[in-house]
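So the protein sequences, as listed, match chains W and V. Under the numbering used here, the residues of the first sequence are numbered 1 to 254, in order. Under the numbering used here, the residues of the second sequence are numbered 255 to 641, in order.
Calculated from the structure, these hints are not laboratory results. Where hints are given, some of them may not hold.
If you want a taste of the chain V side facing chain W, the calculated C-beta under 8 Å gives, among others [claimed, not checked]:
1. Leu288
2. Arg375
3. Glu380
4. Ile422
5. Gly607
We put the CB at the ideal spot given by N, CA and C, even for glycine.
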Amino acid sequence: MLKQKAILFDATLCVGCGECYLACKQANDLPETNTDFLKDHLGANTYTVVEQYEDVYTRKLCMHCVDPTCVSVCPVGAFTKTELGPVTYDEDKCLGCRYCMQACPHHIPRYEWSKVNPRVRKCIMCYDKIKNGEQTACAEACPAEATIFGNRDEIIEIAKQRLAENPDSYYQHIYGLEEAGGTNVLALSPVPFDKLGFATNLPKEPLPTYTAKALEKIPGVVAGGGVFLAAMYWLTKRKNKIAEEEKQSNFTKE
Amino acid sequence: MKLIIPKITFWRVVAVLIVIAGLYSTYLRLFGGLSASTNLSDDFPWGLWIGFDILVGVGLAAGGFSICAIVHIFNIEKYKPLARPAILTAFLGYLLVIFGLIYDLGKPYNIWHAIIYWNPRSVMFEVAWCVMLYTTVLFLEFIPVVLEKYRYYKILNFMKKIGIPIMIVGIILSTLHQSSLGSLFLIIPQKMSQIWYSPLLPVYFFISAIGAGLSMVIFEAYLSARAFNKGIEAELLSRVGLISVIVLMIGFVIKVIDLIVSGNFTLLLTINNYSLLYYLEVLIGIFIPFGLLIQKTFRENRRWLYASAVMVIAGFLLNRLNVSISSISPETGVSYFPSVNEVSVTLMLIVIGLWSFKLIAKNFPVFTEEMHQEEYEAKLKENTATN
Ligand code: SF4
Ligand code: SF4
Ligand code: SF4
Numbered sequence: 001m002l003k004q005k006a007i008l009f010d011a012t013l014c015v016g017c018g019e020c021y022l023a024c025k026q027a028n029d030l031p032e033t034n035t036d037f038l039k040d041h042l043g044a045n046t047y048t049v050v051e052q053y054e055d056v057y058t059r060k061l062c063m064h065c066v067d068p069t070c071v072s073v074c075p076v077g078a079f080t081k082t083e084l085g086p087v088t089y090d091e092d093k094c095l096g097c098r099y100c101m102q103a104c105p106h107h108i109p110r111y112e113w114s115k116v117n118p119r120v121r122k123c124i125m126c127y128d129k130i131k132n133g134e135q136t137a138c139a140e141a142c143p144a145e146a147t148i149f150g151n152r153d154e155i156i157e158i159a160k161q162r163l164a165e166n167p168d169s170y171y172q173h174i175y176g177l178e179e180a181g182g183t184n185v186l187a188l189s190p191v192p193f194d195k196l197g198f199a200t201n202l203p204k205e206p207l208p209t210y211t212a213k214a215l216e217k218i219p220g221v222v223a224g225g226g227v228f229l230a231a232m233y234w235l236t237k238r239k240n241k242i243a244e245e246e247k248q249s250n251f252t253k254e
Numbered sequence: 255m256k257l258i259i260p261k262i263t264f265w266r267v268v269a270v271l272i273v274i275a276g277l278y279s280t281y282l283r284l285f286g287g288l289s290a291s292t293n294l295s296d297d298f299p300w301g302l303w304i305g306f307d308i309l310v311g312v313g314l315a316a317g318g319f320s321i322c323a324i325v326h327i328f329n330i331e332k333y334k335p336l337a338r339p340a341i342l343t344a345f346l347g348y349l350l351v352i353f354g355l356i357y358d359l360g361k362p363y364n365i366w367h368a369i370i371y372w373n374p375r376s377v378m379f380e381v382a383w384c385v386m387l388y389t390t391v392l393f394l395e396f397i398p399v400v401l402e403k404y405r406y407y408k409i410l411n412f413m414k415k416i417g418i419p420i421m422i423v424g425i426i427l428s429t430l431h432q433s434s435l436g437s438l439f440l441i442i443p444q445k446m447s448q449i450w451y452s453p454l455l456p457v458y459f460f461i462s463a464i465g466a467g468l469s470m471v472i473f474e475a476y477l478s479a480r481a482f483n484k485g486i487e488a489e490l491l492s493r494v495g496l497i498s499v500i501v502l503m504i505g506f507v508i509k510v511i512d513l514i515v516s517g518n519f520t521l522l523l524t525i526n527n528y529s530l531l532y533y534l535e536v537l538i539g540i541f542i543p544f545g546l547l548i549q550k551t552f553r554e555n556r557r558w559l560y561a562s563a564v565m566v567i568a569g570f571l572l573n574r575l576n577v578s579i580s581s582i583s584p585e586t587g588v589s590y591f592p593s594v595n596e597v598s599v600t601l602m603l604i605v606i607g608l609w610s611f612k613l614i615a616k617n618f619p620v621f622t623e624e625m626h627q628e629e630y631e632a633k634l635k636e637n638t639a640t641n
């Protein structure tokens with residue numbers, strides 16, 4: 001079994017230097033989109049941003065959910081949850097229905113709106129690099145240990161350790177352990193997570209279970225509906241026929 | 255040959271202007287992409303083309319399977335004159351939905367990928383398959399009309415034999431995808447206003463589609479009656495109107511119970527944009543038409559019947575736009591309003607739909623009763639005898 005990889009972002013350690021932002025741009029060959037990285041937003045050419053909320057810096061990027069909504073909703077399976085953890089995208093399969101964007105609980109996927117041949121764009125956790133045993137570009141670039149990369153189980157241990165060793169500097173919660181089934185990008189913060197723009201109103205169970213409940217009913221509708229309709233057809237036809245015959249026999253009697 | 259110059263009327267001029275505007279927007283969409291032609295953004299990836307062209311288009315075509323079930327499965331023969339217009343409406347409706355999808359999809363040339371790349375966990379995948387199959391079914395349901403015109407009695411006879419199974423398949427497919435259009439939104443419980451979000455969304459979509467689809471039948475019948483004076487019995491239509499509003503009322507009652515049980519009823523007591531939109535939707539789409547058509551005098555008055563049908567359709571439209579656009583809170587404060595181009599393409603699709611309906615109804619036996627088995631056989635014999 002391959003070990004699932006994960007990123008840990010620790011907002012208490014982040015100094016807001018923007019190295020991760022630049023490294024991501026470089027690794028993915030993306031053009032400059034804003035002279036001030038703190039003012040930039042996620043976009044078709046920006047897969048991660050550093051944001052400032054008062055004196056706390058935070059990062060935003062695809063969370064690489066454990067049971068990703070985007071993977072479940074895509075009609076053609078253009079998204080894949082890889083064994084290593086990253087959620088990747090195949091632009092050749094994609095039809096551009098944008099259900100993935102509508103459905104992602106973290107508002108992550110972005111679209112190339114101005115292109116005639118548009119693609120969905122988001123962080124893919126440097127899949128090609130980590131397949132070869134390297135780290136993600138952002139983790140490599142971070143000078144402050146605020147973004148680190150490793151096996152998910154070990155990353156969780158590190159997160160727990162940090163919470164235990166410095167209880168006063170942390171809001172006691174590891175984001176991504178159970179949010180909508182968990183994520184492969186985990187986060188620690190000095191303040192409650194909604195203050196940093198994280199989605200905190202997510203249910204514990206993965207969101208795909210919500211649609212699964214409806215999809216499960218299909219075989220029943222097909223089988224039950226078929227039997228019901230056929231029976232109705234037969235019954236009402238017979239009823240009409242009997243009524244017709246009665247009419248006729250009454251007619252002949254008269 | 256005699257040259258026919260169409261009379262210039264107000265509506266014809268409007269239609270031509272709409273088509274010209276629509277074609278210009280089509281040009282922008284083709285060569286400038288979605289950002290040149292729409293107001294869609296990363297915050298609002300779905301707009302008018304999904305909300306109206308797909309959700310409303312498919313929903314209003316529900317008259318097709320509803321009438322079909324009444325006539326052919328429940329064998330209530332007196333509604334038979336409605337079956338063909340309803341099937342034609344549905345068939346054209348689905349063709350337009352597919353046409354609309356070509357505008358909305360970022361990569362429309364990949365539309366066929368749904369056939370080869372499967373993801374059964376996706377509601378969208380299920381909808382795609384149902385729409386494909388049901389459009390085929392509608393074609394098969396409508397083809398007898400064409401065969402009748404050209405007197406292909408042999409094939410007609412064969413079609414007649416497989417007719418019922420085809421209709422059953424059609425009804426099941428419709429049930430599935432009408433409701434699934436609602437299921438699409440089940441996956442975003444945390445993004446939607448709880449006024450509209452409910453695990454019962456698929457049920458509401460199904461019920462409201464039947465109600466509005468039936469009103470659409472009235473609407474079409476009225477337009478056709480005006481266009482070529484071969485109307486459908488007024489009595490029949492007023493009954494359809496009654497069924498339509500009763501179905502919608504049942505849906506509303508379930509919704510209210512649902513809101514009370516889930517504890518979200520209080521959301522309706524505070525006045526804000528969401529609750530006002532909801533009130534507007536049920537007022538126009540359910541309450542006023544219900545209040546009117548429940549009374550015999552209004553129901554049997556052609557104009558009121560027609561006006562109610564239009565209200566039901568408008569309320570339905572608002573409901574679908576509310577669910578797919580208004581109820582969804584974007585991450586940042588931006589809002590969405592459709593661009594001129596999105597509107598013009600939508601209007602163009604409507605014009606094309608009405609115009610094709612008229613053309614087909616004029617040239618094919620849509621508003622006449624279909625022939626019975628015995629008649630076919632008699633004709634068949636006649637034909638072989640004369641040959
Ligand atoms: S954050 Fe969104 S885009 Fe990223 S894996 Fe999760 S659902 Fe997919
Ligand atoms: S836009 Fe592409 S990747 Fe996203 S759900 Fe649609 S087909 Fe899948
Ligand atoms: S590189 Fe590290 S310290 Fe610098 S902004 Fe990114 S996460 Fe923060």
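Tested hints:
1. Proximity of Leu288(V) to chain W holds as hinted, the smallest CB-CB distance being about 5 Å (cut-off 8 Å).
2. Checking Arg375(V) against chain W by beta carbon gives a least distance of about 5 Å; that is within 8 Å, so the hint holds.
3. A least Cβ separation of about 7 Å between Glu380(V) and chain W falls short of the 8 Å threshold, and the interface hint therefore holds.
4. Taken as an interface hint, Ile422(V) checks out: its beta carbon lies about 5 Å from the nearest beta carbon of chain W, inside 8 Å.
5. The interface hint given for Gly607(V) is violated, since its Cβ lies 22 Å from the closest Cβ of chain W, which is over the 8 Å cut-off.
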